[in-house]
Amino acid sequence: MTAGRGLAPVRTELPNGVRLLVQPSRVTPAVTLHLSLEAGTVCDPDGLGGVAHFLSKVIDRGAGDWTGDEIGESLDGRGASLVVSVNRHALTLVTTCLAEDFAALVRLLAVVVMRPTLPETEVALRRGEVLTLIRQDQDNPAVVAVERLAAELYGRAHPYGRPSRGTAESVRGIGRDALAAFHRARVGPSTLTLAVVGDVEPEAASDVVAAAFGDWDAPVSPGSVLQPVPPATGRRAVVVPMMNKAQADIAYGFVTIARTDPAFHAAWVMNNILGQYSMGGRLGDSIRERQGMAYYAMTQFDPAVLPSPLVVRAGVDPANVERTVASIDAEIAAFLAGGPTEKELAESKQYLIGSLPRQLETHAAIARFLQTVEFFGLGLDYDRRLPGLLRAVTRDEVMASARALLDPARATVVVAGPYAGGLA
Amino acid sequence: MIVSRPYNPGMATSAGGPSPAVQEAVLDNGLRVLVLPVHTAPLASVWCWYRVGSKDEAPGLTGASHWVEHMNFKGSTNIPRDQVKGIIEQYGGYWNGYTWIDQTTYTETATRDALDRMLFIEAERMGGCLYDPEDCESERTVIISELQGGQNDPDQLLDEELVASAFRAHPYRHPTIGWLSDLRAMTRDDLYAHYRRFYVPNNATLVVVGDVEVDDVLRRVDGHFGRIPGGDVGRRLRTQEPEPLGERRVTVAREGQAAYLKVAHRAPAFAEDDFFPMLVLDAVLTGAKGVNLWASFRTPPPQRSARLYHALVNSGLASSVSGALMPTEDPFVYTISATAAEGTPLASVEAALVAELDRVRVLGITPDELRKAQTQLRARSVFENDSIVNIGHQLGFFATIASWRDYADIARRIEHVTPEAVAAAAARLVPASRTVGWFDPSAAAVDGPR
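First to last, the protein sequences are chains A and B.
Numbered according to this note's numbering, the first sequence spans residues 1 to 424.
Numbered according to this note's numbering, the second sequence spans residues 1001 to 1450.
Excised from the complex, chain A in its bound form:
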C-alpha cells in the first residue's frame, strides 16, 4: 500500500455523471466496492419517515432479471456479503470480494442499483424485519437517549431530528409504490459515486464500471433544501424511564458546526481533548478513571452537511446519574475557563496526525475515506494535506471553538434507563 506516502486515487467521471474513485492496493488479493448514493434519510418525504432505510433493506432483493434468491446465491457463492446501509446523507452498498470476482460483482451491483424490482413478498418480509429493528431500538437505552437528543435538538419534523428507521406507524404506511417513488426520485447517475480499493488496476476498473453503468439514464429530483436550526437558548433535561433496564444512558449535547466549516479542524482537536484522547479524553479521565462511575464516558462528533451534534455519552448506575451530569458540566466549564494545556494540544494533534496510516490500512477503510473526501469536496490530496491542517490548529482556535460550541447553560440532556429522578 501507499499509505506511508499518501493515497493516489484515480478519479474519473462517466458522461452520465457517475463518479468513480480507484485506489489500487495489494494488501490482500481482494477488492472493496463501496457505492454511495445521495439518498440518505434526509431525503425521506414528510410522513414517510424511514423510506430510505426501508429501501436499503429491499433494494438487493430482486433486480432486473434476478430474483432475490438468485442475487443471494450469487453473493454467497463467492463468499461475499453485501452490506446496504443508510445514514443521514447517503445510502451505501459495500462489499468485499476476491479480486477474481470484481467484474461480476460490479455487474450485479449495477443491476441492483439501477433496476430493483421490489417484489411485494420481499417488501412485506423486510417490513417485518424493520419493525423488529424499531422495537429493538425502543428497548435499547443508548439508542433511545441518542434519538431523543436529536429530536430535542432539531425537532421531530427536521430531517436530522427524525429517527433514521422511521416509526412503526410510518413504516407500516410504506408500500412498494413509495419505495419505487423514492428510488426514482433519488437514485440516478448524478447521485452515485463508486469507490474501488484493492487488487485492481484503475483502467481495468474504469472499463468494468463504464460497461455496467455507462448507458444508465435516470434523472433525479433535486434533493430537499435543509434548514439549519437556531441554537438552543437554554438548558433542557429530558428523562425517559425504562425501569426494566440495569443501567442508565446519558446523551448530553449541542448543535455545533458543519463538516465544511473552516473551523472544523479546530473543533476536531477540541473534541479529541475533551472526550476522545486515550480513554475518553478529559471526560473519561474524570468519570471513568478518577470516579469509577462508567465503563464508557466520551464524546461523539460526526459533522455533516448541516451543523451537527457534539454528544457526550456515558452509561452509568442510575444512582450516579446526577453526579455524572454534574461532572460533565464541571469538565466543560473547566475547559471553557482554562482551555487545553499546551501539552494536551500537542498530544492530541500528534495522535490525530500519527494515526492516519493506521486509519487507512485496510481496503474498506480507504474506500470509506475516499467517499467522505468526494462527498464534502475535500480534494484528492486531502490525506496528504490533513497533517498540515491539524498541525496549524492553535490553542486560541481550540479555545474559540469550545466557547462557540459548548455551554452547560445551553446543553440538552437526555437520560434513558432505570431512572425516574428529576434531573435539572
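Simulated from the structure, these hints should not be mistaken for lab results.
Do not take every clue at face value.
[Stated by the list, open to error] Straight-line Cα separation of at most 27 Å, DSS-like style, residue types lysine-lysine; simulated pairs:
#1 LYS1085/B x LYS1074/B
#2 LYS1074/B x LYS343/A
#3 LYS343/A x LYS1085/B
Predicted model only: the values in this text are computed from it and were never measured.
Following the hints, put chain B in place on chain A, whose structure we already have.
Relative to chain A, chain B alone:
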C-alpha cells in the same frame, strides 16, 4: 534464546510479493515470540497473549481474569500512573485488550518507530503492574457498570443464562465478566495473586507483525523481556463436562420489546477432528464467519442462501438468524440465535429451527453446499487477514488455544472436509445435547421480575 527456522504459513498477506514467513523463538525464561514482517504500511502491531481466561477461575473469583486485564492498564514500576494516558497515542497508536474463556490479550498498533515503546509496555505489563488499592476499588465500579451495560441487552442476558445452563461442571459456565456477587466481594489481594500466578513469560506468547526486521525485533524483545523470571502457574482447574442426559431449557422472563431464541449444542474443541466439519456445517446453516474473533464482528456472513436463513427469515418467522462456532481449547457450545418476528411465538421459531437441524442430521449436506461453504471460508480467510492487526491476532490466538502452526494449516483442513465428515459432525445436533433458551417478554407480563 532458541530461534527456529522460518516457517511459511502461506498467508495471503502480500499477493505477488515475497512469501511471508513467521519466525519463532523461545527465550530462556520460556516466552514464546512470533515475528512476521509485513511491509505493506509503515506500521507495527504487537500482541501479548496469556494462557489465562475465565475458565481458570474458581467459584468466588469469577471475573478475576477480566478485572486483572483492566488493572494492567493502570501503571507499573516504570510507567507512573499519570504517564499511562498517551503513552502509545503519542505515536498515533491504538491499544486495547480483551479477556475471554481461554485467554487474555493486549495489543498495540502504531507507527513502526514505536516498536520499542510497545515492547516496553508489554514487558512492564508482564512484570510490574502496581495494583494500587484505590485503583482496584475505582475499577470495581467500572466493571460493574460494564456488566450492567451488558445486561441492558436482552441477547447478551439470554446468552449468559444459556451458557450457564449448558454446563454443569466446566468453568466455561460462568460469564467472563464474572458474577456480580464475586465482583462485589473480590479483594485487591485476590486480583494481585491471580496476576502474579499467570503473568509469567512461560505462560505467554508475544507476537510482532508489521514493517519490522526479525533480528531487530528479537534483539529488542530479549532486552525487554529477557530478565523477567519464569514462574510456576501451578495446577490448573481442569474438569471434563459430563455427557448431558437430556435437553435443558431456560426462559428469561423480562420485560422487553422483542423475543429471542437461542439453541446450543455441544461443540468440538478446536483440536478435535470434528471442528472443521462443524465449521462447514455452520456455514451451510447460517453462512461462513471464518475463525477470526477480532475481525468477524465487522462483516456479516454471506448467509442469504443458508438453510436457516431460508427456513426462519425468508419464511417470515424471524427477523434474523446467526450461528456461532468459536475455536476454543475445551469443548464449548455451538449456538444458533434468532429474533422472533413480531407476533410469532418463540415455539414456532424453535419448531422450524429444530426441523432443519433434524433434516441435516438425517440427510447431511450436498456436495454443492460443501463446495460453497469451502469457497466462503476461503474468501473469509483472505478478508480476515487484511491488516497486520488481524494477522497478529490470529497467530497469537491459535498459539494460545492450540499452536500457531494450526493457523497456518486452516486452509488445508477446510479443503479436506468431506460430506461424510460433516454428516458425522451433524450427529452432535441431537436433542439430548441441546440447551434451549428463550427471552420471552410475554412471560414477564405474567410473573416476571420488573
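- Task: Would you check the hint for LYS1074/B and LYS343/A, treating anything up to 27 Å between C-alpha atoms as holding?
- Result: Holds - the C-alpha atoms of LYS343/A and LYS1074/B are around 21 Å apart, at most 27 Å.
- Measure nothing beyond the straight line between the CA atoms of LYS1085/B and LYS1074/B; if it is 27 Å or shorter, mark the hint as holding. 9 Å, holds
- Task: Given the hint that LYS343/A pairs with LYS1085/B, test it: the Cα-Cα distance must not exceed 27 Å.
- Result: Holds - the C-alpha atoms of LYS1085/B and LYS343/A are around 12 Å apart, at most 27 Å.
The structure fails none of the hints (numbered hints given earlier).
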